[in-house]
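We have chain A; now place chain B onto it with these hints.
In order, the protein sequence lines correspond to chains A and B.
Numbering-wise, numbering that gives the first Met the number 0 puts 243 at position 244 of the first sequence, and it's gapless, one number per residue.
Numbering-wise, numbering that gives the first Met the number 0 puts 30 at position 31 of the second sequence, and it's gapless, one number per residue.
Careful, some of the hints might be misleading.
[Stated by the list, open to error] Subject to a maximum C-alpha distance of 27 Å in a straight line, what follows is the list of computed DSSO-like cross-link-like pairs (lysine-lysine):
#, chain 1, residue 1, chain 2, residue 2
1, A, Lys234, A, Lys119
2, A, Lys235, A, Lys119
3, B, Lys275, A, Lys227
4, B, Lys227, A, Lys309
5, A, Lys275, B, Lys275
6, B, Lys98, B, Lys132
7, B, Lys235, A, Lys227
8, B, Lys235, A, Lys275
[To be verified] Stretches of chain A that chain B covers, calculated by requiring three or more beta carbons in the stretch to come under 8 Å of a beta carbon on chain B:
#, region
9, 210-223
10, 242-256
[What the hints assert, rightly or not] Label pairs and their calculated CB-CB ranges:
#, chain 1, residue 1, chain 2, residue 2, range
11, B, Asp110, A, Glu256, 18 to 24 Å
12, A, Glu343, B, Gly159, 28 to 34 Å
13, B, Ser45, A, Glu106, 39 to 45 Å
Don't read these hints as lab results, they were simulated from the structure.
We put the beta carbon where it would ideally sit given N, CA and C, even for glycine.
Below are the chains, spelled out letter by letter.
There are 2 protein chains.
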Amino acid sequence: MYAPLQNDSFLRACLRQPTDHTPVWLMRQAGRYLPEYRATRVKAGSFMGLATNTDYATEVTLQPLDRYALDAAILFSDILTVPDAMGLGLSFALGEGPKFERAVRDEAAVDQLAVPDMDKLRYVFDAVTSIRKALNGRVPLIGFSGSPWTLACYMVEGAGSDDYRLVKTMLYSRPDLMHRILAINADAVALYLNTQIEAGAQAVMVFDSWGGVLADGAFQEFSLAYTKRVLQQLKKEHDGQRIPHIVFTKGGGLWLEEMAALQPDVLGLDWTVNLKSARARVGDRVALQGNLDPNVLFAGPEQIRAEVAKTLESFGAPGAPRDGQVDSHIFNLGHGISQYTPPENVTVLVDAVHEVSRRLRQPR
Amino acid sequence: MYAPLQNDSFLRACLRQPTDHTPVWLMRQAGRYLPEYRATRVKAGSFMGLATNTDYATEVTLQPLDRYALDAAILFSDILTVPDAMGLGLSFALGEGPKFERAVRDEAAVDQLAVPDMDKLRYVFDAVTSIRKALNGRVPLIGFSGSPWTLACYMVEGAGSDDYRLVKTMLYSRPDLMHRILAINADAVALYLNTQIEAGAQAVMVFDSWGGVLADGAFQEFSLAYTKRVLQQLKKEHDGQRIPHIVFTKGGGLWLEEMAALQPDVLGLDWTVNLKSARARVGDRVALQGNLDPNVLFAGPEQIRAEVAKTLESFGAPGAPRDGQVDSHIFNLGHGISQYTPPENVTVLVDAVHEVSRRLRQPR
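Extracted from the complex, chain A is given alone in its bound form (with noise of 0.2 Å):
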C-alpha cells in the first residue's frame, strides 16, 4: 500500500537499534517560522481550516521536509483534538493559544464526558493516510495527542494558564472528579493513537505538556498513572512493523526512572536535562529524544554548531551493540520551535547533526 521507506534512521534509534548516523526532528517542525507555512494557512483562514483539511495539513506537514534534511515527519495537527472531539469546542484566536468554548469544572461537566466517536476525529485519520502517501517513503511518519493530564488541565481551565489553580483546585478538592476524567482521557487517547496508527502512523508519542507543574506525588497519580494506561493499550506493532511509543513530559527530568518503567520505546527530554547523566540513568532501557534550547536558534551559525556539538558530545556515541541494541539518541529540541526562528538556521542545526553524529561514530 505504501512505498517502501528509504530512510528508516529515525525508527531504528527509537528501536536502539545503530544507525550511521543520530537522526533529527524537530517538534513543531511544520509552523508558523515558514513562510511557506503562513501562507498556506491564510489560504486555510484559521488554524483549525487547516488542521481539518486533509490538503493543506499534508501540504504543511511536508514543508520542512522540502527544506530540511530531516529524518521524520510529523503530523500536522493539534494536542488537543480529542477533546474538541468530546464536544468542548477548541478554537485558536490569532496569535493567542487554545480555548475551549465549554470548560469542565464541575461534577456535571464531568457527567457528559466520554471517549469520543473517532468518526469525529477521520479528519485526522484521513490526515495521516494523506501524508503517509505523500511522503512516498521519504522518512517515517510520527503521530501523535496529549497526554490524559495536559488534555484534562485545558478541558478544566479552558486556556493555557500560568498557574494551573482550577484544574489543581479540583485535582486537590475533587481528586475523584479528576480521576473520572483522566480515565476517560486515557481511553480516548489510546484509542485516538490506535486509529492513527491503522491510518499510517509509524511512531507515535504522548505530549505530556504539562506534566511538569505537579508536584512530586500529584505528577505520579494524575499524569503518570494514566500515560501507563494510554500505553498499556497501544498496538506495539501493525503491518509487521514496530511502532515505537514516545513520551514527553516537559519539566519531568526528575522522574525519567519512573516513567521509563512504563517501558516506552523514547523519552523526550527537555534542555534542563544533562544527556550524559539521563544516559546512564535509563540509557539501557529507552532511547532519548532531545534536547537542545529552542532559544540556540537565534545565535549565529557557529554558535550553533557548536551547541549542537555540545549537546550529542554530552550523549556520547552510541556504543557497542549488545543483542544487538545499542544507547541511542534522537535529536530534538526541547521544547517546540519558536515561530521567531529565522528558518536558514534550521538548515545549520540539522546539517550539523548529521555532520557531528556520524563524526562522533568514527572509531578514535
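Frame of chain A, contents of chain B only:
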C-alpha cells in the same frame, strides 16, 4: 539594640540545629491574599509606594504574623529593587507583573550598567531596621534579593516572559555581554544583601526564580556561577550571630548537588522535588526549605492537613544529632502564595505543620 529573639526555631533549622517543631514561613506571606494588605496597598497608592515607605513596609510585613503562628518574617519588598536602583525604572501596573522602562538590549546599554550607590536603596535598609524593631524579637527577619541571572532576565526582557527569547538570544549570541551584566549584578546583589544584614536582616535569601528556564550547562555558566559569586562575598556573621544564606532556584531540582556545593546553609525546593530523595542527595550538607504546591491551599481543611502531613513525612524526622547537627527541614510553599488563597486556609496549614512535626519527633 534589638530585643532578644523569642522564637529561634527558623534560624536553628537553617543551621541544622535541633528544633522541637519544623519551622514554617511562606514565600509572599505578606501579600494580596490578605484583606489588610490590600487596604494598606490602597493607602499607599502603588506597589512601589508601599515598598518605598518605611511605615507601610513595616505594617504589611507584620500583618501575616498577627494572623498566623509563622516562625519567620520576610522583608516586604521586590526582587527587582537592584536594577531599579541601576536606573532602569521599575514599575508595576495594577494586576500585571513588573516592568522596566529601559531594557538592557545592547552593548551601549550594558556599558551604562554599574553597581548602584546603596543610597538609592536606603528605603529598603530603613524598612529592614524598622521591621526588625517592630518585630521586637518575636521571630527572625529574612532579607532577600533576586539572583544575578533572574535580575538579568527582567533587565533584558524588560518584563516577565514566557519564552525568555531576548535574554537567551543575548546569552547564546553575545555571551560576553551576558557575563558583563551578570558580574555587575552579582557584585550589586552581594553589597545589597550585606547592607540588609547590617541594617538588621538575620538571614538572607537569593531568589533564582528563573534559573530553571536555563538549559543544563547554561544554568551552571550563567546562573550558578554568579550565585556563587554572591555567596562568596556575603557576610557569614553579624553582631556575633551567624547569618544563614538561603538559595532557591525554581525548577532547579536536577541541580541540587551543584547548588549544595556552593555551601549555602539552606536550599529552597519547589514542589516537583521529592523531599525524601532531596534529603538523601544533599540533606547532610544543607537544610532544605519547601515545598508544598500553593494550589493545595484551594482545597478543604482535611486535604490541606493531609498534604502537609505527606510533605513532613516525606522529609521524615530530623534524626539524632551528629556533632550537634541534624538533617533539617523548613516548611514553606514551593513558590509564592497565590493572591486568590482563602486566608483561613493558611491557619490550617501553619497549625498542621507545627502539630504534625511535633508528633513526628516523638519517639515511637
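The hints, checked one at a time:
1. Lys234/A to Lys119/A: Status holds; Cα separation ~21 Å.
2. Lys235/A to Lys119/A: Given pair Lys235/A, Lys119/A holds - Cα atoms ~24 Å apart, limit 27 Å.
3. Lys275/B to Lys227/A: holds (24 Å)
4. Lys227/B to Lys309/A: holds (24 Å)
5. Lys275/A to Lys275/B: holds (24 Å)
6. Lys98/B to Lys132/B: violated (32 Å)
7. Lys235/B to Lys227/A: violated (49 Å)
8. Lys235/B to Lys275/A: Answer violated: Lys235/B to Lys275/A is near 36 Å, above 27 Å.
9. 210-223: holds (count 7)
10. 242-256: holds (count 3)
11. Asp110/B to Glu256/A: 18 to 24 Å: violated (48 Å)
12. Glu343/A to Gly159/B: 28 to 34 Å: Holds, since Glu343/A and Gly159/B (Cβ atoms, about 30 Å apart) stay within the stated range.
13. Ser45/B to Glu106/A: 39 to 45 Å: Between Ser45/B and Glu106/A, where Cβ atoms are some 42 Å apart, the hint holds.
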